[in-house]
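Undergrad: In the order they appear, the protein sequences are chains U and R.
Residues 1020 to 1457 in this note's numbering are what the first sequence spells out, letter by letter.
Residues 3 to 312 in this note's numbering are what the second sequence spells out, letter by letter.
Be aware that a few hints might be false.
[What the hints assert, rightly or not] Label-pair restraints from in silico Cβ distances:
id	chain 1	residue 1	chain 2	residue 2	range
1	R	His-281	U	Pro-1425	22 to 30 Å
2	U	Pro-1425	R	Pro-34	39 to 47 Å
3	R	Ala-35	U	Met-1198	55 to 63 Å
4	U	Ala-1111	R	Ala-144	52 to 60 Å
5	R	Leu-274	U	Leu-1065	21 to 29 Å
6	U	Pro-1425	R	Ser-303	34 to 42 Å
7	U	Leu-1222	R	His-281	40 to 48 Å
8	R	His-185	U	Leu-1373	36 to 44 Å
9	U	Ile-1376	R	Pro-34	51 to 59 Å
10	U	Ile-1080	R	Leu-271	48 to 56 Å
11	U	Arg-1369	R	Ser-12	15 to 23 Å
12	R	Ala-35	U	Pro-1357	53 to 61 Å
13	R	His-185	U	Ala-1303	29 to 37 Å
14	U	Leu-1222	R	Leu-274	36 to 44 Å
[To be verified] Output of the computed footprint for chain R on chain U, the stretches with three or more beta carbons under 8 Å from beta carbons of chain R:
id	segment
15	1126-1137
16	1153-1160
17	1256-1268
18	1285-1294
19	1340-1351
20	1372-1380
In case anyone wonders, no lab produced these hints; they're calculated from the structure.
For clarity, every value in this text was computed on a predicted model and none was experimentally measured.
The C-beta atom is built at its ideal place from N, Cα and C for all residues, glycine as well.
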Amino acid sequence: MSFSWARPYEPKHPVMRWLDERLPLPRLVYGAIGGGYPVPRNLNYLWNFGVLAGIFLTIQIVTGIVLAMHYFATTDGAFNSVNQLIMRDVSAGWLLRYAHMNGASFFFIVTYIHIFRGLYYGSYKAPRELVWMLGLVIYLLMMATAFMGYVLPWGQMSYWGAQVITGFFSAFPLIGEPMRVWLLGGYAPDQAALTRFFSLHYLLPFVIAGVVILHIWALHIPGSGNPTGVDVKEERDTLPFHPFYTAKDGWFAAFVLLVYAIVTYFAPDYLGHPDNYIPANPLATPAHIVPEWYFWPFYAILRSFTIDFILPAKLWGVLAMFGSILLLFFLPWLDKSPVRSGAYRPVFKRFFWLLVIDVVILGYVGGAPLNWWRTALGQLASAYYFVHFLVILPLVSAFETPDPLPSSISSSVLHGEEAEAAPAGQAKPRGGSVATAG
Amino acid sequence: MRFILGFIGSVFAAILLFSMISNLATYVKNPPAPLAAEKFHKEPKELRLKSDGPFGKFDKAQLQRGFQVYSEVCSACHSLKLVSFRELKGLGYNDAEIKKIASDWKTQVPSINPDTGEPATRKALASDNIPAPFANEVAARAANNNALPPDLSLITKSREGGAAYIYSLLTGWANPDTYRNEHGEKLPAEAKPGPNLHFNPYFANLNIAMPPPLTSEGQVTYADGTKPTVDQMAKDVSAFLVWTAEPNLENRHAAGLSVAIFLLFASILGYLAYRQIWHDAKRVVRVTGALDPKNQAKSKSAKAKQGVVG
């Protein structure tokens, strides 16, 4: 692909040769995730989470398609179709439903690790700006899909979550309320909203899959980044994706699926909210309306605006909440440091961990019932979030003196003594000992 | 552009910090008094059931006793809409027993008269869901001082604390005039139950419309000879309601164990394969075998010892 030493596809079987001459699909796969894609040899386990996100997207699509075969998108039938038909009568319906419920959570867990990996190692910097931005588009689509999926069982949190989230639109003056009514097809979530949420919940995962293809395509132009942030310079800096990274991704995927299976089979409702086992009731508001855990940090930012300053507090909250994601699109231009990897940026590194703690605090505040100190803590944490990205990051990148970088990827993973043991150019790209016979 | 973004960020941060200071100031000026509900609300008591934990299985004798409590006591007001009679097989009843339970059920199933087409009722079949005690919400409220008895099918999943909460609630009613919390405080007048309400510290706002349903030992007579104390009946019906909410629990636990073992082996084998594949790649530039300078030195000294020239 991008490197001159990338191995070209050579069909071995006549059938594959026949196919390759007519439709070079095997060639495409070989170049994308096979032996024809050279990958930096020093990737750590944080580089496994993109593949894992793809695995969870697949799990969601497969379980979701089967669940849709048994689901009724009606306000009278939705709750019972999920909680009686699917959970009790459909063969292994409980497994499909729990796998889908927890699959959404795990999709977000691995995606968050993937995003924070990108933040730490500067994966958003040139020449991978578009990879980063396409990733953010996937993330936004995931949030929309997850929100609409949570509405489908038509429990109390489904209903009131839909009420709150569609209520964001009414924060905008003049056009807000008519837009909300138009989007919902009514004044409150009802049959019209449920049917269109179901339709979109079925559509968007395929849109995500499409953007994932663009994300991977854009990634394969410069090739994967690596923990040093140093560019690939020569053949010995890389290993072919297959078998090296397929083996690494493979065993780690089995391990993460083990964790996922343990949650799905033994604590399936741990990540959910009990109120969603109560059928939706427009006349009874739950004591604490909370979204799913993966929205908690944003919910905390939304709720942190408590005073009307020129604009109403609610509008500030909505603007800040959307702004908190949109600002990530500007990251390649906010952080101008030429050094990609946070490992060689002593000041950046400290602020990065502060950001991680900050987001965890926001998540906690967003999920817990409000009281005076949680409100204050949430306001402080929200303020830091914006200051971190929009003020601290540009300043740090302007004034920080980075640590010296390794001269190459291979020199960073191989100790000096060993590197000297082999004359330059003698090392084989595929590994293996140089020496054969004496 | 960075200046504009920095400005926007500062505006957000300034508003947030200002809100924080004004909130804290309000709190310092008029600290909110703790609500009675916070001071008197109790967390659920501990309840251990055989279905707990990753390898839990139902105690079928207990489920049958719990079903008996439901059908003789709770079902006067509470429906079990999502549960069908045929599912009672999971409690250990056979087909004939289930047919009998269904046809003897005190409420019949709405139907039509086959000759006139007029609304009628018929005896329940094994395939029917358990009929609700009231025809609709209005009827339920009319019979219960305008309170709506919730459906119990998913009650242990829809309440924080699950079965332990149900058990605590069922044994938690107390006299509001003599009740004292763990600090010895008496219930303030404003927290005392209003008309048709009953004090129960396990209920979120302390006062619940449901009067105590399990009031005396021997309210039901257990066929298996278990002593029907209030505590025992509450435990049994809580265990039964775990089953109604999650009838596939045993399947889930068994399947989960097999899947976890499979994935554990897959991870271990996959890891070993990964180590094998990467074995040489991790040492790519280290010369091994006969060309390794260490080995060359060794063989040289060995040859020298043996007097071989080479």
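Undergrad: Which hints from the list above does the structure break, by number from lowest to highest?
TA: Hint check: 2, 3, 4, 9, 10, 15, 16, 20 fail, others pass.
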